[in-house]
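Top to bottom, those sequences are chains P and W. If you're matching positions, the first sequence starts at 496 in the working numbering and goes up one per residue. If you're matching positions, the second sequence starts at 1052 in the working numbering and goes up one per residue.
Honestly, I wouldn't trust all of these hints.
As the list claims (entries may be wrong) - Reference excerpt, derived from the structure (chain W facing chain P, CB under 8 angstroms, subset only):
1) Y1213
2) K1221
3) I1237
4) S1263
To be verified - Label-pair distances were calculated between CB atoms; the ranges are:
5) G1193/W x A775/P: 25 to 31 angstroms
6) R1280/W x P508/P: 56 to 62 angstroms
7) P655/P x L1230/W: 48 to 54 angstroms
To be verified - Simulated crosslink set (DMTMM-like; lysine to aspartate or glutamate; CA at most 25 angstroms straight-line):
8) K1079/W x D567/P
9) K694/P x D707/P
10) K1221/W x D579/P
11) K1221/W x D599/P
12) K786/P x E1271/W
13) K805/P x D767/P
For the record, the hints were derived by calculation from the structure and aren't laboratory data. Glycine included, C-beta positions come from ideal geometry on N, C-alpha and C.
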Amino acid sequence: MTAYCLHMEQLPPLMAWWRKEYDVYVPVAAEGGHYDFAPWREGTEIAFDYDLAYNTLKRYFLPPSEDLLTFDLASYEAQAVFEDPKQILFGVHPYDVRAVNQLDQLMEAGAPDRNYMARREATVVMAMEPQRVADTAFWSTIGADVVSHGYDLHFTRISPANFMVEVGSVKGEELLLARGPLPAATAGDREAARKAHQKVMDLSRSNRLNFDWRHTPKLMEKGWNAGVWREKAELCLACGSCNVVCPTCYCFNVSEEADETLKTGRRFREWDGCMLVNFATVAGGHNFRTKALERYRHRYMRKGKYISDKIGELGCVGCGRCVRACTARIANPREVFNALWEDQANAD
Amino acid sequence: MAAKPKIAFFDFAGCEGDQLQVANLEEKLLDILEHVEVVSFREVHTGHSDNYDIAFVEGSITRPQDEARLKEIRANAKVLVALGACATIGGVNCIKNFLGRDVYSENVYGTRARWYPTYEARPLKAVVKVDVEIHGCPIDRGEFARIVKEMLLGRVPWLPDYPVCVECKKAGNVCRYHLGRMCLGIITRAGCNACCVTEGAQCWGCRGLAPSANLDAAREVMDQHGFDRKHVQDLMRFFLGDTSAPL
Ligand code: SF4
Ligand code: SF4
Ligand code: SF4
Ligand code: SF4
Ligand code: SF4
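Assemble the whole structure, with the sequences as input and the hints as a guide.
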């Protein structure tokens, strides 16, 4: 794979150049020692060593609220709405790129979600090797520490002032070389990048899965009646925080609203979540997951089995956002999977 | 509903902040007013008539004579809408419910207390049937406009039935609990876009409990995060004094 070497000082002029055509988002420090993505401006301090972006990056492809149609109440004519702002996400960790790749697959399957795809196609993803690991994360234990595609460039900080940048697409290479040629990465640079990856893997040893993650779907299948569901669900506030912050949750609800003249209107979608009490309420008022236990179990079934049945990988990338977001401290796929593993080991 | 439904505004114990929110809709209000006939609205209009289809009622019921007036409004109106926290959940007025009747009467009316009968504050629904509730202290202008439009189009007005946390997360806020602060968003009905948290405060619960609020879990959460009961109780009494489930 083509790779170049970039000096830290070369980055701000590049960002300024990109910004002429793109909205550029970078990781920055947020309240309370957390980090989040924010628009880059001249002088923005990029948090290269951020551990986890507090909010999910899915909002750049699937915004919390998005118009789908405008319509005329008298003539019933409708007009589709598509938005595709040109944007660059800089510094996306591999597990989050994997989450985007997963959304790409799910949104394209069946009837492709054209609103999502329009935004996705207008977005350049610049990945970055993490330098630190969030205390709630477990991506390293489920094989989400590396990503093979879905990015246009991949940055690894190989020394305090240098990056090795791997090229993932023609577009990425163009953007990287927009201000002039760069030296090709040497064998030594590649070795330094490998070491940087090893270093962060060593940092992420604490939150382990007690078994090979590939067993998870089977485990879920057998764990339908496990005790962990009741034990955790009792404390569930049905607040949906775990859904909303999750980079692989993509559910939405579609509504319509007329304008004040009652002549025209818009159809829009907003994030929804399976942990909300009426998520599974259908026409006629029947709710097929009335109990907290059923909703709680459903979410982990999605992450551990249903998504895997569809696309062959876990529906969780181990980012640890839900673990952090849950004020009741019950949302934790790693803990749930381990509990099921233990249950079944004891049963055998 | 008739081609141009007649609407009227009324107020009981409250600050008229919600009617002010309606008046502040300005241009949007003018467009909406094209579809209705206002027969009574003190904030923007003089005159009054007892012939109306939709009554928007603000404020809590705090005196025996309020009840008769509210019942009359109920009898005249086809649709009764409770406007704002005082009307929907009792709101801040209910702080007085934690004092003795003599104490709050005297605090307000001094030596003339016995001339003014007043009792524990309560929401409209404690006295009459309420058809539609527009929550908040004050109400959200956008939500008011949406609900009125839905009524005019013959749709059943929709209210979020999940906690504020959903909107708070959508807004991208760092959770108050992660900053060592308490927040009632975990049990409060959404619909305000978590404006208070976004502005740097926390949720006070002005939109009332979410129908699905898990109070046992909320109690556990507040304990786990190290907040003492007095602190919780204080916050709960600010707007939620009328709820039957203090934490
Ligand atoms: S389930 Fe939790 S840990 Fe897994 S991807 Fe979603 S937010 Fe991250
Ligand atoms: S964040 Fe926690 S409390 Fe809220 S819905 Fe998810 S599991 Fe339940
Ligand atoms: S609900 Fe709030 S704004 Fe409305 S009258 Fe009561 S105190 Fe005032
Ligand atoms: S700050 Fe309050 S409303 Fe926001 S997520 Fe936390 S508990 Fe919920
Ligand atoms: S955040 Fe809470 S207190 Fe503030 S408006 Fe919303 S419901 Fe009311």
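Cross-check of the supplied hints:
no. : hint                                 : result
1   : Y1213                                : holds (5 angstroms)
2   : K1221                                : holds (4 angstroms)
3   : I1237                                : holds (5 angstroms)
4   : S1263                                : holds (4 angstroms)
5   : G1193/W x A775/P: 25 to 31 angstroms : holds (28 angstroms)
6   : R1280/W x P508/P: 56 to 62 angstroms : holds (57 angstroms)
7   : P655/P x L1230/W: 48 to 54 angstroms : violated (31 angstroms)
8   : K1079/W x D567/P                     : holds (18 angstroms)
9   : K694/P x D707/P                      : holds (22 angstroms)
10  : K1221/W x D579/P                     : holds (20 angstroms)
11  : K1221/W x D599/P                     : holds (21 angstroms)
12  : K786/P x E1271/W                     : holds (19 angstroms)
13  : K805/P x D767/P                      : holds (21 angstroms)
When held up to the earlier numbered hints, the structure conflicts with hint 7 and nothing else.
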